[in-house]
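Generate the whole structure from the sequences, applying the supplied hints.
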Amino acid sequence: MNVTAPASEPIVDPRATLTSVTETVTAPILRPPWPRLWLAGFGGAFLLTMLLFACIGWLFIRGVGIWGVNIPVAWGFAIVNFVWWIGIGHAGTFISAILLLLHQTWRTSINRFTEAMTLFAVACAGLYPVLHLGRPIYAYWLLPYPDTMGLWPQFRSPLVWDVFAVSTYAMVSLVFWYVGLLPDLATMRDRAAPRWKRQVYGVLALGWRGDARHWFHYEKLYVILAGLATPLVVSVHSIVGLDFAVAILPGWHSTIFPPYFVGGAIFSGFAMVLTLVIPLRKLYHLESFITDRHLDLMAQVMLATGWVVAYGYFAEFFTAWWSRDEFDQFVLANRALGPYAVPFWGMLAANVLAPQFLWSRRIRRCVPALFAVALVVNVGMWLERYVIVVTSLHRDFLPSSWGMYHATFWDWTVFLGTIGLFLALLFFFVRLLPAIAMSEMKALVTKKGRVA
Amino acid sequence: MTAPPGLLAEFVLPEAFAAAVRRVRAAGYTRLEAYMPFAVEGVADEIMRGRRSPMAAAMLIGGIASGLGAYGMEYYAAHIYPLNVGGRPLDSWPSFVPITFELTVLGAALTGVFALFWTAGFPRLDHAIFSDARFDRASQDRFFLCIRGDDPLRAGPGARDLLLAAGAESVAEVAL
Chain Y
1 MNVTAPASEP
11 IVDPRATLTS
21 VTETVTAPIL
31 RPPWPRLWLA
41 GFGGAFLLTM
51 LLFACIGWLF
61 IRGVGIWGVN
71 IPVAWGFAIV
81 NFVWWIGIGH
91 AGTFISAILL
101 LLHQTWRTSI
111 NRFTEAMTLF
121 AVACAGLYPV
131 LHLGRPIYAY
141 WLLPYPDTMG
151 LWPQFRSPLV
161 WDVFAVSTYA
171 MVSLVFWYVG
181 LLPDLATMRD
191 RAAPRWKRQV
201 YGVLALGWRG
211 DARHWFHYEK
221 LYVILAGLAT
231 PLVVSVHSIV
241 GLDFAVAILP
251 GWHSTIFPPY
261 FVGGAIFSGF
271 AMVLTLVIPL
281 RKLYHLESFI
291 TDRHLDLMAQ
301 VMLATGWVVA
311 YGYFAEFFTA
321 WWSRDEFDQF
331 VLANRALGPY
341 AVPFWGMLAA
351 NVLAPQFLWS
361 RRIRRCVPAL
371 FAVALVVNVG
381 MWLERYVIVV
391 TSLHRDFLPS
401 SWGMYHATFW
411 DWTVFLGTIG
421 LFLALLFFFV
431 RLLPAIAMSE
441 MKALVTKKGR
451 VA
Chain U
453 MTAPPGLLAE
463 FVLPEAFAAA
473 VRRVRAAGYT
483 RLEAYMPFAV
493 EGVADEIMRG
503 RRSPMAAAML
513 IGGIASGLGA
523 YGMEYYAAHI
533 YPLNVGGRPL
543 DSWPSFVPIT
553 FELTVLGAAL
563 TGVFALFWTA
573 GFPRLDHAIF
583 SDARFDRASQ
593 DRFFLCIRGD
603 DPLRAGPGAR
613 DLLLAAGAES
623 VAEVAL
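Listed in order, the protein sequences are those of chains Y and U. Note that this note's numbering has the first sequence beginning at 1, numbered continuously upward. Note that this note's numbering has the second sequence beginning at 453, numbered continuously upward.
For the record, the hints were derived by calculation from the structure and aren't laboratory data. Heads up, some of the hints might be wrong.
[Said to hold, decoys possible] Here are a few chain Y residues that face chain U, going by a calculated C-beta distance under 10 angstroms:
1. M188
2. D211
3. H214
4. Y218
Ideal Cβ positions, reconstructed from N, Cα and C, are used throughout, including at glycine.
Next comes the structure, spelled out in structure tokens:
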């Protein structure tokens, strides 16, 4: 898919200058009063975060029995939400790393924000497997360390691969984000008026002076980090896919899972980026940086990755039919017609039908319509993980061991709580740090005369 | 004899700044420093005079070391704590690939960041250049070129005039 800028439509406002970039981006952070909308939004998110802590506390007291998980469905909301959050976390690195290497300059105005989104989504995702352990106090047993019992993790298990994949992804995303922030933290230090603010931003900037020597090494490092992060984007969700595919359970045991999970991750990630960026650019008056054209391009990425997801659904059904394996065929028939048919058809409507509206340029350019499609896809991708986890487990080979899964009150509150944590972190981020990569925008602004 | 103070010149336009760096360099000055809010094309290369950045090499070494360490750990664990899974070999290398890959990337990335901190001297919160009042804008919308006091040609008469002729907005002394 070619998403290079047509010469007619610039990706930055042609009137933007170095000074205006600095002012537009730093003004909402340095302006003294806390905006009322921010306070209201953060207040709500903060209450949900407190709810999360309360639920975790109750979980620690009573154990995972407060959730709906049991045999046969031992992987309930915890794993559904883990996969959903980690999928959302893929758009950030995709935008920052892969689009950087592909010279897609339109990424510049959204990469900082989506990287932050990635970090916070991965933080939410990382909570779930630990909470789901049953005895979370022993979470560190997943790590290799010289213990007196002489025990080691089972390195052949995808669940242990996951520990390394997710923690590596979190670390590398953090490092990539922070290195990218250094020049902008220096800008914040130099613009902040009160002494204590200068000190805080100054310490965070580590003494960045914009020295040509810094830039020389920095740019090299940044490109190599992008090159390193690129295979990471693919590997993390592949390994999450292998968590399922390596099991012999019908409905999971499928070679399509790793690529289909990666496609789905980028799909859901872009849906979440649109869900967040549309209100953000409105509230922070960033329309001259995050233009309608950016939204259009993100919608196109969603449309393309939506087809990868649709192909994944098709391949599952095709393989079941082609293999003549009666258990595989039963699982898929049970998905479409069994007790979980509603989430299944909801998933198809949200992930396959809804994105087709994006073929229309008019809908891609109509902000409310695009926002609605993005919200629907967020829900659809959550349903997809629910369908994969629950319908495969609840009826396996032996009818005598069949069962049903119902989420409990505590399942829902923990899920709501992580949404609150995610939003609260994002509210902090846009209030305290520059949400647009100023130094990269400045390079773009000065080039506008030379490149289209 | 103590060295004279350095000269710090301020520029408004990135193109003029890049041209000035080339011009001052061509005039034979060697102890130069450039400060800019974003990486203006060609300036860093001009200042670094064809030197190579150690980043790529450092990250390659860090990545390989970390990857070897990861595989070694898995190999060691498989032998010190053997799990016989259907008679398969203990060194079941295909299933050791994902963690080896992940830790290779992690090792390379962390080495790169520490290499940047090392070469740039981070964290270093105080620096003589910050004492210049104009310098706040070096991270915003102005470009600065400094001829250091220890430059052999600095003591000569022409430094200030050269900077002004190259299009500097203002020139002032700085303790560098």
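Going down the list of hints, with the structure as the test:
1. At about 9 angstroms, the closest approach between the beta carbon of M188(Y) and any beta carbon in chain U falls short of 10 angstroms, and the interface hint on this residue holds.
2. Restraint check, D211(Y) versus chain U: the minimum CB separation of about 6 angstroms is within 10 angstroms; hint holds.
3. A distance limit of 10 angstroms between C-beta atoms decides the matter here; for H214(Y) the minimum to chain U is near 5 angstroms, and the interface restraint holds.
4. Interface restraint check for Y218(Y): the shortest CB-CB distance to chain U comes to about 6 angstroms, inside 10 angstroms, so the restraint holds.
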